[in-house]
Structures are given as structure tokens and as C-alpha cells.
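Be aware that the sequence shown starts at 1, since it is given in the numbering used here, and climbs by one per residue.
Keep in mind that the hints were calculated from the coordinates and are not lab data. Hints should not be assumed to be uniformly reliable.
Claimed, not checked - Now the in silico label distances, taken between C-beta atoms and shown as ranges: (1) Arg34 with Glu196: 34 to 42 Å; (2) Asp200 with Gly269: 16 to 24 Å; (3) Glu5 with Asp136: 46 to 54 Å; (4) Asp247 with Gly20: 37 to 45 Å; (5) Asp247 with Gln103: 46 to 54 Å; (6) Ser170 with Gly269: 15 to 23 Å; (7) Pro55 with Glu5: 39 to 47 Å; (8) Thr245 with Arg185: 41 to 49 Å; (9) Glu72 with Gly20: 15 to 23 Å; (10) Asp212 with Arg169: 27 to 35 Å; (11) Asp212 with Glu56: 34 to 42 Å; (12) Arg37 with Arg120: 18 to 26 Å; (13) Asp164 with Thr108: 19 to 27 Å; (14) Glu72 with Glu196: 25 to 33 Å.
For clarity, every value in this text was computed on a predicted model and none was experimentally measured. Cβ coordinates follow ideal geometry from the N, Cα and C atoms, glycine included.
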Amino acid sequence: MLELEHEFRVVDVHARLQTGAATPAGTTPLQPDRLEREMHQAGIVRSVVFPPVSPETSYVAANNGVARHSVERPFIAFARINGVEEPTTNAGSRFRNAFSRQQSHHTTPEDVEQYAYDDRFHGFVLDPAADGLPTDDVLDVLEDVSLPLIVSGGDGAPSAVLADRLFDRSFPVIVSHFGGHPLNRKQMHETIDRLEGTEDCYLETSAVRYRDVLERALLEHPDRVFFGSGVPDCHPNVAIMEILTLDVSADKLRRAFSKNACRVVEGLGPQW
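Build out the structure end to end from the sequences listed, making use of the hints.
Right, dumping it as C-alpha cells:
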């Protein structure tokens, strides 16, 4: 068992929590008790948790399961949402999006309101490559409730698409994997470049394995980087060590590990 000691208060904004008996294809199961134990051993004091991707399935039951298993644990539940639009900019996709219709498993504006005013949830999670992008009416309600949205960026949802649909909205947007999953260094740098023109956009570190990318973001935008472990795909000790070994000041590490995220995500602060 890995053990790690460090001097920082660490909060995690990217932990996937499996709460049901069935495990969606392509995912790694990690039950609540084991997740809590691994986080504690790594020195992580609070974690944002959300259910795994399950395309063409309503997330109501999964979200409620995550909220239920967060009670009396150091977990902050985020609700996973989905949408009907493809996250691409080519003409074919734009045409298909124009004729897309809401299905019963898609997130509605009413769903967003219900999650937002349920004190069990502190924000939302979206994987556009797997679940599509919400329509404008859903995004409008996300603006109204103004809770943070964690969005997966990468080959299936490049930063240009995320910027076009999300970055100019008034709610905080936290881009997972620096917008370059899987291991696309060029896209990660492009997402960092886009921070210059945004006010409420942030990057989270899960699955970012490039030291130069992490150091560039922390040096150029020290207030925009959040630590994300990427559990269960990565052990939290390993994710923390990748940040601890960067050639940046202790103040910048402290910001990435806790201070930045605590400004944006209610429930991660020391008072909780």
C-alpha cells in the first residue's frame, strides 16, 4: 500500500465514484469505502465525486447514488449531465445538431434546477465526447444557477468547441485533463492559451503526464489550476507526486492543491 506524507492541504476535483452493482463498460470500479480509504492515505481531505459515463442512460439514479454515498464522508457530490448535440464544428455535425431532438435520458432545464437547489449537489460534470453537449436552454439554466461545471476536454471535445459553447458563459468552467485527453500535449497547450481571453475558466490536472505543460500552466496562470487525481484510473498518491515534483514554488503548489479550488467549489474549504 502506498503511503505519502506532505505539508499541503489537498482537495481533489476529479474522482469518479461507482455506487451501483453494475460497472459500465470501459470503467474501473471503486466503491465508496475504498475510495475514502485511498484518499485518506494520500492526504486528500475532500474530493469532488461523480458517477461514471453511461451513454444513452439517464443519470438521475447514478447522481442520487453518489449524493447518498457522500453523506458523512469527505466527498462533494457533482451531478453528471448530458446533451443532444455533437461536440464538433464540421458541417455534417452542425446539420445533425440542427435536427437533434431531446430524448428521455437527456438532461433538461428542469433537471438542472432540481440538482442546483438540492443541497446535496455542488456542481455539474459533463463529458461531451461520450454524452454530447447540452442545448442552449440547458446552458441558460446553468448560468442562472451559477454552479461550477467540470467538462472533459480532449480529442472528442477539443478546446475550440468548448470555447465556442462554454467559455463565454457566466458559470465557472473547469476543463479536465487540461483539455488534452488522452495525452495530447498540443491540445493541452492550446487550452492554456485560451485562458488569456476568459475570466471564469480553470484547468484540472488529472491525466496530464507532461511536466512542461503542468509547469507552464502554474507559472503563467497560478490561480487557474486545480488538482485532480483522476481516481480510479490513477492512484491518488501518484497524482499528488506528479505535482509535488514540479519545479515551482511552494505557494503555487499550495494554490493548485487547495486554494484555487476552494474559491470556486463550495464545500471544499476548511470550514467544511
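Exercise for the section: Run the structure past the numbered hints and jot down the numbers of the failing ones, going up. Expected result: Those not satisfied are hints 8 and 14.
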